[in-house]
Structure formats: structure tokens, C-alpha cells
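2 protein chains.
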Amino acid sequence: MKNCIYQDTVERWCVFEVTVEGPTDGNPFVDYYIKGVFKGKNEEVEVDGFYDGEGIYKVRFMPSFEGDYSFKIHCNFGDKSYSGNYTVTPASENNHGPVRVANTYHFAYEDGTPYYPIGTTCYVWTHQKPELQEKTLESLKNSAFNKIRFCIFPKHYVYNFNEPQTYPYEGTPCDSSSLTRDNFMDPKIFEGNDWDFKRFNPKHFQLIENRIQDLMDLGIEADIIVMHPYDRWGFSKMSAEEDDLYWKYVIARFAAYRNVWWSLANEYDVVHSKTIEDWQRYASIICEKDPYNHLHSIHNCFSFYDFSRPWITHCSIQRVDLYKTGELVSEWRHRYQKPVVLDEICYEGNIEHGWGNISGQELVRRFWEATCRGGYASHGETYLHPQDILWWSHGGELHGESPERLKFLYKILCDVPGHGLKEYPLSWDSVTGVPESLAYQGDYYLEYYGFSRPSFRTFYFDDTSKYQVDIIDTWNMTITDAGIHQGKFTINLPGREYMAIRIRKIK
Amino acid sequence: MKNCIYQDTVERWCVFEVTVEGPTDGNPFVDYYIKGVFKGKNEEVEVDGFYDGEGIYKVRFMPSFEGDYSFKIHCNFGDKSYSGNYTVTPASENNHGPVRVANTYHFAYEDGTPYYPIGTTCYVWTHQKPELQEKTLESLKNSAFNKIRFCIFPKHYVYNFNEPQTYPYEGTPCDSSSLTRDNFMDPKIFEGNDWDFKRFNPKHFQLIENRIQDLMDLGIEADIIVMHPYDRWGFSKMSAEEDDLYWKYVIARFAAYRNVWWSLANEYDVVHSKTIEDWQRYASIICEKDPYNHLHSIHNCFSFYDFSRPWITHCSIQRVDLYKTGELVSEWRHRYQKPVVLDEICYEGNIEHGWGNISGQELVRRFWEATCRGGYASHGETYLHPQDILWWSHGGELHGESPERLKFLYKILCDVPGHGLKEYPLSWDSVTGVPESLAYQGDYYLEYYGFSRPSFRTFYFDDTSKYQVDIIDTWNMTITDAGIHQGKFTINLPGREYMAIRIRKIK
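First to last, the protein sequences are chains A and B.
Just so you know, the first sequence maps onto residues 42 to 548 in the working numbering.
Just so you know, the second sequence maps onto residues 42 to 548 in the working numbering.
Accuracy of the hints is not assured; some may be wrong.
Since the list can't tell identical chains apart, any single copy or any two copies may satisfy a pair.
DSS-like, lysine-lysine: derived pairs with alpha carbons at most 25 Å apart [to be verified]:
{"id": "1", "residue 1": "Lys330", "residue 2": "Lys365"}
{"id": "2", "residue 1": "Lys529", "residue 2": "Lys507"}
{"id": "3", "residue 1": "Lys463", "residue 2": "Lys365"}
{"id": "4", "residue 1": "Lys452", "residue 2": "Lys244"}
{"id": "5", "residue 1": "Lys176", "residue 2": "Lys330"}
{"id": "6", "residue 1": "Lys244", "residue 2": "Lys80"}
{"id": "7", "residue 1": "Lys113", "residue 2": "Lys463"}
{"id": "8", "residue 1": "Lys289", "residue 2": "Lys170"}
{"id": "9", "residue 1": "Lys529", "residue 2": "Lys229"}
{"id": "10", "residue 1": "Lys548", "residue 2": "Lys170"}
No wet-lab data here; the hints were simulated from the structure.
Model the full structure from these sequences, guided by the hints.
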């Protein structure tokens, strides 16, 4: 069995991998195929394998159930088929399976545990030097972030002129030594690329999947951006055939990692070489080739992709209004009837660009506005740095004031009974008072005031029930017991910004 | 001539008044009429007079030109007609005439001097005790406010349960001794009013017109709210005939004051007893009876009156979005092609209501957002007060942080060359950078960053011209000389909120 290696056991929702030795002649990425059928009592799953370089072919599978399983490998080389048996063991304590949509607007892991995304973005952290990647993981470990968006392709953009550690294809890049802020949009600078878009560089993908595994170990979802427009290498301008080869390779490699989400693109609408038909084709490749139905969405620059398309599991939104972000969640929930995730709502920072220079206060406010309407927001950080290491793209250390407050928000969110918040239907009286956002879940109410600074608020639910009231300072991260109340009652507040009141019926 | 008194001279755009003694029998407000024709070389104006109580009838006229004038009074009592001659003298230094619309989106006094409104609101300051009114005038004198909105009728609302100094009609009010926050909306509380809606109380109007004159002396426009819904006396529910009598009386008394603006209503759409036909009828009364074409508009609660109606001179807007106020100016300018005045955009304060508890920073930010789009905003203040004296309604002293910053803004605005700002047409490059608002006028540019905190911004206009650049801290009220620049240049900023850059081409 030397040329077919596999484990005897695998944990439920972990990666089961079959390795087969094979030919290195010709172009193994296109001349040979390998696929597998994985069978247990409750499922039979067929997946494509992939060539991993140096004569190694792999097929990966994520089992969704416990118990006895078998596999059968088919390929057009060597012995043509291989088979074996293995056992799927129960999931360990922190393994809840892949994240799914639950209750129309929210998320849960496959084992039913609610999942409340507190996302961040480090576009090309896996393409930076290893020490920096380790620092990023350390920062993530100490944060509340449980989802991170990042790219498979390297990134060419302001603050992003450095070369990646590896390239996704065999070949040589254009010369970037004369790149400046002034000429980086000039197409002339992109001349001289020499890639073979039919020969992947397995090392590039191995490095990324190691990071996907690291994230999985930290309980963090990997919201993988498969395509993007920030490109000087030509990876955004490949032919349809090359694109499809890329998509299939990516899915074959990454789909068995339970924490993967597919983000078809960042700012799909500025990838000018692609049409809606292209995006729909990529989507159908995912739907065909990913047997696990990972979450998928597509992120916009100027205008949304049509989130009502059935293959889109949730709205992955970049703000389309400079002033309203989380405040629009209700409208989007209503329109799309899917979870609303605000994946880009301006970053905490101080760079020159309007998309990266709000305060920690303003970013945290946007999170609360989204949360109290039953949506989710994402973090990013763009502080000027002497070596141009900006969290938003490179990872590294966090410098801002928002991450601690997002931990606090996450804690509040986890304490909500049931699963996820709904927006409260406002009555005239509430409108007079204009609570900036008011969420509820059963007999739990969360009223957030944002930049409003009421000195008190009066409530009335009924005459007989008793309610535990807490005053939450979302910025100073304190929860103050404001006592048990009945009938009509008034709660005094400090007249500061960013306060909330939490009311819970005592049963 | 004992029973027809008038002055020999009057200053241009000031009030020329003819007083005639007349009968007191019956109901002089409806049984008798008095009107006048005022004639100079350049104009002939016919106006209604009014009964001022105690056998005194008056006709008022505001001359728009200098020189020799005559008048002819007609009435249905006494000698039936009176006439005389008088001279209109040149306007004194601070008298620029009434405010008019200029350049589609802006305002100027009739003598051509630009007028940049920095408005405030003290709804019923003229109905408070005289000492408090004096305090209000003192506060206004030390402020930049050059427009104030206030009501003719008294106000019944939260924080507004006290009785006015006078009532507009003869009669007696309902008993307000048992009024509380809890019952103030209960119609039962309004029972017991006994008014004669055909007999005005001239004292009520005299007090108001004295205040209009005081405001005129301070160079402040009186944006008079003729009707409003905050009512326990029944003044918002009179018959059409009574309404019309009221409108004609108000116009006859106040129209000759050059600083008068007619605001048909505050929150017209919650004056539930009136229909659009009613408002249109009031508008036609103004158009017929006010010979000076004072500015007129009508202010909304939930939805705008149709500002495209030809009688409306400018948009008097209450925000319709909790988050965007000044940011919407461009949209409204484009739609209505009239000056945009945001007369209510949430007040600086700390009361429980969402319309009255933003910070000074947020209010000033909204002013700047409006200003840099070529619109205008208004101030209001609602801080809790031990005696419930809130500037927004009662006047008195200013407690907030915004008024000083609005003085600073006004100074900046007065330094703009030409007349009023235009919004800059944004290019893709500007959009990338997302300047929050960018205004210009000729070779003058004002870029305001609001809650964005860029550490630097780069500019390029042309290769040869020289530009004087200033960094404006709109909150700390400093203007820092950032030097003279040419070609492409970068301006460093402190990475704080509420900064602006001013760029002026050197000629």
C-alpha cells in the first residue's frame, strides 16, 4: 500500500486525506485526474482530488457523521483504483462542524450551537513573512474575531506593493521595483508577467491550507476570497478555461476544511474582466464540486450582487452609503430574507482614504447598530505604520481601540436567549423617543442609543411582570445592575454616547 | 389730524405706520376694515390694516425704495379716508433689506449682501416671562445666530406645560393644573377652553412684534411659525373662516417687518385637522396679502410638503432620516432647485427623546456636512434644566458646546468668495479617497472630513498655479497656515475627527 496512504481514523468534520503516488510527466494538473467516493452509513460523497506536486496526488473528504466509512479512489494512472476503510470518531469539544444558516437571518454550527460572527479582514496575511503570520495568529487568538476574510491571490494596491511569499502559478512576475503610489494604476507597470496558468504552485496552496487549519484550531472561520481585482500579475484576467481550472483546484484542496466559507470575490464589480455570467459559472462550479455546501456569498464595491440568487447563502455587504451601514440591516433583511453580514463598513484607522479612517468609537457604534437589528458586522484596521504593516491587509498586531469592545459585544450577544436578535417593531411612542435601534428575542430587549445621549428612558411592558434591567456602557465595557422593575418605570442614564439598556423578564 | 397719526420720515425697509382712531363697538376685528395704498416713484403697494384694540386701527407699510412717498387710507368708519406724505430715507448701515433667494440655492439681502443663515429655534420664547425673554435676546446677541424660528401660538408639549404670558384670543383657557407627562396627550385634558376666535388679543401680537423689532435690531431674521400642532387650547382646530381671519390679521400686523419669514407650520403633517387644501389656501392668502414677498416655506414631521410648489421659496426641512441630515443636501438641491435649509436636525442636549440628545460635536458636524454641500442647517438645544427652561422652546441661556463652533463656521462661510458654496463634482479618484464633503466656489475649495480622520490628503489641480492651503480644526476652532503649494502636493493632518482643508488659488 506504499502508493496509497490514509489514516485509520478521523474526527467528525475533520479532513480525511488519501495520498496516492503518481506520474510527474506532462502536466499532471490537467493530464491526470483523481477522484474519490467516501461512504458511511448516512452519506456517500464523491469529490475531486488534486495534484500536490512532486508526484503526489491527494483526495480530501470531510465526514459529516460518526461510524465506519470506506473510500474508493479512481484515477487515470497507476493502479487506477484504490480503496480502504476507516472510522469517524466523535467531534472533540471545540469542533461543532461547519457553519450553516439558521432561522433565516442567523448562523449556527452543524451541531446546532449558535454562531455569532465577529469578523475581521486581513486580505493577504497568508502571503506575508512567516513571523508576521505567526503574529497575526497570536493577535487573533487574543481577540473575539471568529471569522477572517482573506485572499488566495496576492494583492496589488496602495500599501500593498510587496511581493507575496509564493505565487499560485509557475512562472515569473512582472518587475515591481519601480512601483510607486503614483504609477501603481498604470497598466505599463504590469508588463512582463510570465505565468503558466495551467500549472499551479502547490506550495502556495499548502501554505494557505496550513493557515486554514491554524484558524480551525482557533475556532475561526476562513472566509476565503477566491477572486479579487487588486492585481498586477494577471490573475484576475485569465481565460474562462483557466478560471474554471483554478476554481476546481481550490475547491478540491480547501472544501474538506469545515471552517471554509466561499467568498467568490472581493469587490466583484471592479473585476472588470468578468461578467455576471462568469460569476454565475463560478457559482455553479462551487455548487457542483463542493459536496459540503459551505456558505457562499460575493462582496461588492459599488452595487450589490443580486443576493436573492438561490446559491447565495448570506449577504456579504460592503457599505454603499458613507453614513449608514448597520442602520440599513433591517432593510436588507427584509429584502433578501438571508443573514446580513456587513463585511466592510470602513476600518478603524487614520489613512488618507475615506474607507479606512474612522475612530474605534464609530466602528463599534456600527457593530452595535447592525447587531441590534439582527445583523452582523466586520472589523478592519488601517493605522499608518512605519513598515506599512496594516492589519487590514497584512495582519500583525492590532493597534486600535475597537477589538476589546468587540469582545465585549460578543459576550453580550452570547448571553441573548434563543438564537439571534430581531428588530423590534416600533410603535408611535417609540418613534417619538427615537431609540436608535431596539432588538428583542422573546422577553429579552436590547435598546442601543448610539450617538444619542438620553439622560433617562421610560418603559412599560405590562403591569404584573418583573424585569431585570442593566445599563450597558458599550464603550467603557461596563454592565451596571439597574434593579428589578415592574409596570411603568424610568431608567436613568449618564447622558453619554454609546449606551444601551438591556431588559430581561424574570420568569 | 388727531385721529390719523404717522411719521414724516421712515428709513427704507423699516416700518411706516399710520394710526387711525376708530370705533370700539361691535366686533372691530370683523365689523370694520382699514386698508392703505402707499405710493412712491417706484412702487405702489396696497395693504390691509388691522384693529389694535382700544379704538386704535393701524396700517403698516415697508417701503422698498428711497424718496418721496404718499399714502391713502380707506376704512368703513370715521372720515372714511385719510392721506399724507412722507419721505423714505436711506437704509442705515446694518439694514440690508429683506432676505431673498439668490443664485437658486442661496440667500441675499435685498441690497445684494449675501446672507448665510445660521438658524436656531426657540419655539415659544416670546411667550415666556419678560426677564427670560431679555436673557434670550442677550444670548442671541452674543451668538452667530441670524435666524430664529418661533411660534405665534403658545405650545403644549413635554417640557411645555406652563401657560403663556398672553393668549392670541379673548377668552379663557382650559385648566392645566393637573397636567402631567402621562396625561398630556389625553384629549380630556383639553376640555374647558372658551375662546372667541373672532376677537384677537392685540396685546399678544404687540408683544410678538416688539420681539420681531428687537430681532431686527440684532440683525436676526424672524422665521415665524404661524401654525403648529402642539396645542391644548384649540388654536390648531379652528374653522376655515377663523383660520383665514387669523392669517390675514397676522400678515397685516407683521408683514411690514423686513426680517419676517413665513413658516406656514411646524410639522404641518401632524396638524391632523388640516388638509393639503387648507395649507394651499393659507399660502394663497400670503401670496395675496403680503406685498413684500417675504420668504415662505413649510416644515414637516414625517414627510416633506411638496417643496416644488411655486409659492415655496426654500426647503425648510426637518430630517427624515435619523442618521443622514446635512449629507442629503445635494439630493434635495437637485430635486427642488431651491435653497435647502435644514431647520431641524436633532438638537444638542441630553433629554430622553431621540430628537434632542446629540452632542455638540455631532450637531456641528451636521452643520458642516450641510454647508459643504451648499445647504444650511439650524441649531437647537435641549439640555435638562432644573426649571425646565430648554433653549429649544423657552430660550434663556445657551449651555451647549455648539454655538461657539457655529460662530467659527459662520466666519469661514463669510470668507468664501462669491456667494455660497457648490458641491464639487466628484471624480473616481475623489471617490476612492471618499472626501466626506467637498465644496467649491470658483478657485476656492473646502474639503470637510467629518468623522473621517485622514492623516494626510494629496491634491492636484494643475502644474502652474499656486495655492494657499489652510488646515481648519472645526471643533477646536483653529485655522493653521499649511503653506503655499503647486502641482501635486500632500497636506498632513492630525488624524483627528472634524478637520477640514481650505485651498485658495493665489491670483
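Practice prompt. Please write out, lowest number first, the hints stated earlier that are contradicted by the structure.
Written response: The structure breaks hints 1, 4, 5, 6, 7, 8 and 10; every other hint is satisfied.
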